[in-house]
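Each protein sequence line maps, in turn, to chains U and R. Going by the working numbering, the first residue of the first sequence is number 1, and it counts up by one from there. Going by the working numbering, the first residue of the second sequence is number 1, and it counts up by one from there.
These are computed hints drawn from the structure, not numbers from a lab. Predicted, not measured: the structure shown is a model, and the values here were computed from it. One or more hints might be untrue.
Said to hold, decoys possible - With a straight-line cut-off of 27 Å between C-alpha atoms, the simulated BS3-like cross-links for lysine-lysine are:
| hint | chain 1 | residue 1 | chain 2 | residue 2 |
| --- | --- | --- | --- | --- |
| 1 | U | 131 | U | 156 |
| 2 | R | 68 | U | 64 |
| 3 | U | 91 | U | 155 |
| 4 | R | 252 | U | 60 |
| 5 | U | 165 | U | 90 |
| 6 | U | 32 | R | 68 |
| 7 | U | 32 | R | 62 |
| 8 | R | 252 | U | 57 |
Said to hold, decoys possible - Examples of chain U residues toward chain R, derived with CB under 10 Å:
| hint | residue |
| --- | --- |
| 9 | 66 |
| 10 | 146 |
| 11 | 156 |
In this text, a Cβ means the ideal position worked out from N, Cα and C, and glycines have one as well.
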Amino acid sequence: MLTQAELVVLLAAIANGDVAAFEQLYGATRAKLYGVLLRTLGKPELAEEVMQETYLKVWKMADKFDSTLASPITWMVAIARNRAIDIVRKKGEVSIEDESEAMEVAADTPAPLARREMTEELKRLLSCLGKLDPEKQRIVLLAYYSGWSRDQLAKKLDIPVNTIKTWLRRSLLEIRGCMGA
Amino acid sequence: MLDEDQETLAAEYVLGTLTAEEREHAEALLTFDSGFEAAVRQWERRLGELNVMVEAVEPPSKLWDRIKHEVSPAATAAAAEASHDLGEPLAAEAGSPRDLYEPPTVDVPTSDLSLSAEAALAAETADVSPADTSAALPAAEPRTIERSADVIYLANRVRRWRRLTLGVAAIAALLAIYVAVGQTAPDLIPARMRPAGSGMVARSDGSVRMQQDRLVAVLQQQPTAPAFLVTLDTQNRTLIVRRVSATPETGKSYELWLISSRLGVPRSLGVVGGEEFTQRPLPGNYDVDTLRTASYAVSLEPSGGSPSGAPTGPVLFTGKAVESLPAAQPPKPAKT
Chain U
1 MLTQAELVVL LAAIANGDVA AFEQLYGATR AKLYGVLLRT LGKPELAEEV MQETYLKVWK
61 MADKFDSTLA SPITWMVAIA RNRAIDIVRK KGEVSIEDES EAMEVAADTP APLARREMTE
121 ELKRLLSCLG KLDPEKQRIV LLAYYSGWSR DQLAKKLDIP VNTIKTWLRR SLLEIRGCMG
181 A
Chain R
1 MLDEDQETLA AEYVLGTLTA EEREHAEALL TFDSGFEAAV RQWERRLGEL NVMVEAVEPP
61 SKLWDRIKHE VSPAATAAAA EASHDLGEPL AAEAGSPRDL YEPPTVDVPT SDLSLSAEAA
121 LAAETADVSP ADTSAALPAA EPRTIERSAD VIYLANRVRR WRRLTLGVAA IAALLAIYVA
181 VGQTAPDLIP ARMRPAGSGM VARSDGSVRM QQDRLVAVLQ QQPTAPAFLV TLDTQNRTLI
241 VRRVSATPET GKSYELWLIS SRLGVPRSLG VVGGEEFTQR PLPGNYDVDT LRTASYAVSL
301 EPSGGSPSGA PTGPVLFTGK AVESLPAAQP PKPAKT
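Given these sequences and hints, build the entire structure.
Pasting the structure below:
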């Protein structure tokens, strides 16, 4: 895995049309992005489609990447997740089998990492998350990792959707207060 | 700093818990509200770190070939075309020339996007497609040729507004539900402003069929509270705006915009007056079909309206017109 600084350099080269740099970036990030997309989309075919769209977008928008705002991988994951969530939302009423399949894939949040593998930013986020009630922590994490809507979270966890809505709102505002700008 | 509603919208957009409609709304805001965009980027940074814990999964190896195939020819075509069209390099600090060739981000038939600005853009840049690679130059060359800043700016604007019009159209579908003003809020337009005998036709079931020359748009932030009611009389070319619950800040003005993919960029329909009602001739020569299909938006501008002719402030309200006229009372007999 390349370092963050190396990825930033690659993105700068990609902004200049460097296909070789693009290939290197792909090699360094593909498994992470594919893992994220599989979790949200459930189906490999869909995940591949969104992979393709995501990397094309990265190719076109590399010059828009701003390393003061995000790390390369965070930026790319945001592009991929956004597209994936658009797809699952706009498909709207996914057929029941589709949904349960995706739910199974996403049913649990990932296993915790050893602390030494964590970035500083992640430690900060987790310490803020840790200040929330356990059930609210779980909802925020589940939402992020599964890409479920409030309705789906409500159904899956058997909690009224209005409660989910209130919890999410409070939790997110607390996280903002805890992490700062 | 955003208020808590906006902040939560930004956060939930990133978290992924919004409904399709709420996402459309957030995406429309993203295209023209820089404060909201900044909040979204911040949330992407705050929550994005969670990806570290996601297990990496190796994608199929054929995937790279597909991606590479889409990338390489486009790059070489751009290089070839750019060097043929522009006799001399322009040393402007513009974005990457590839900006100019970004395909629409939404799947819409190109023929539907007859944007005037886009047409102008196409004329400037010539049509480049991967098929034009026959005269490909070495891929290393493209960066020696830069476009002028103007062209890039135009390209970006066209893209922004194209996304916007599509986003707004989808929001509008939501809003249209609340535009059943005739049933729910019959007196939103005062009698003196209703056209005399405007051709409402009562049907036996008590519903009212409206004459087709009135367009009404409700512009709102919250589904339950309309903020502006815009009525367009396409026959008499008049525009009536009623402020329902919006109060302008001091030193600021609300400006009404017409947003249509046919027009490319938003067109001002003028500043909304300080009174509850603003009535004036409909500016511009927009045809009825454009008015009917357009979205409408209100932005907060410096007093007197946008100095640049394009929205500069946050867009606060959006909505789409429906052909309707609020029924004030049991409808009069149809005009003869």
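Residue hint residue 66 of chain U, partner chain R, criterion CB-CB below 10 Å: Hint holds; residue 66 of chain U Cβ to chain R Cβ min 9 Å, cut 10 Å.
Under the criterion of a CB-CB separation shorter than 10 Å, is residue 156 of chain U in contact with chain R as hinted? Because about 12 Å separates residue 156 of chain U from the closest Cβ in chain R, which is outside the 10 Å limit, the hint is violated.
Can you confirm whether the C-alpha distance between residue 131 of chain U and residue 156 of chain U stays at or below 27 Å? Distance of about 24 Å is within 27 Å: holds.
Are the Cα positions of residue 165 of chain U and residue 90 of chain U separated by 27 Å at most? This hinted pair holds, its Cα atoms lying about 20 Å apart.
Satisfaction of hint between residue 64 of chain U and residue 68 of chain R, Cα-Cα up to 27 Å: Satisfied, since the Cα-Cα distance of roughly 20 Å is no more than 27 Å.
So if I understand the rule, the pair passes when the alpha-carbon distance is 27 Å or less; does residue 32 of chain U with residue 62 of chain R pass? Measuring from Cα to Cα gives roughly 17 Å; hence the hint holds.
Should the interface hint for residue 146 of chain U be scored as holding, given a Cβ-Cβ cut-off of 10 Å against chain R? holds (8 Å)
Starting from residue 252 of chain R, check that the Cα of residue 57 of chain U is at most 27 Å away, please. violated (38 Å)
With a cut-off of 27 Å on the C-alpha distance, tell me whether residue 32 of chain U and residue 68 of chain R pass. holds (19 Å)
Distance restraint between residue 91 of chain U and residue 155 of chain U, which requires alpha-carbon spacing of 27 Å or less: OK: residue 91 of chain U and residue 155 of chain U at ~18 Å, within 27 Å.
Does the structure keep residue 252 of chain R and residue 60 of chain U at a Cα separation of 27 Å or less? violated (38 Å)
In this structure, the earlier hints numbered 4, 8 and 11 are contradicted, and the remaining ones agree with it.
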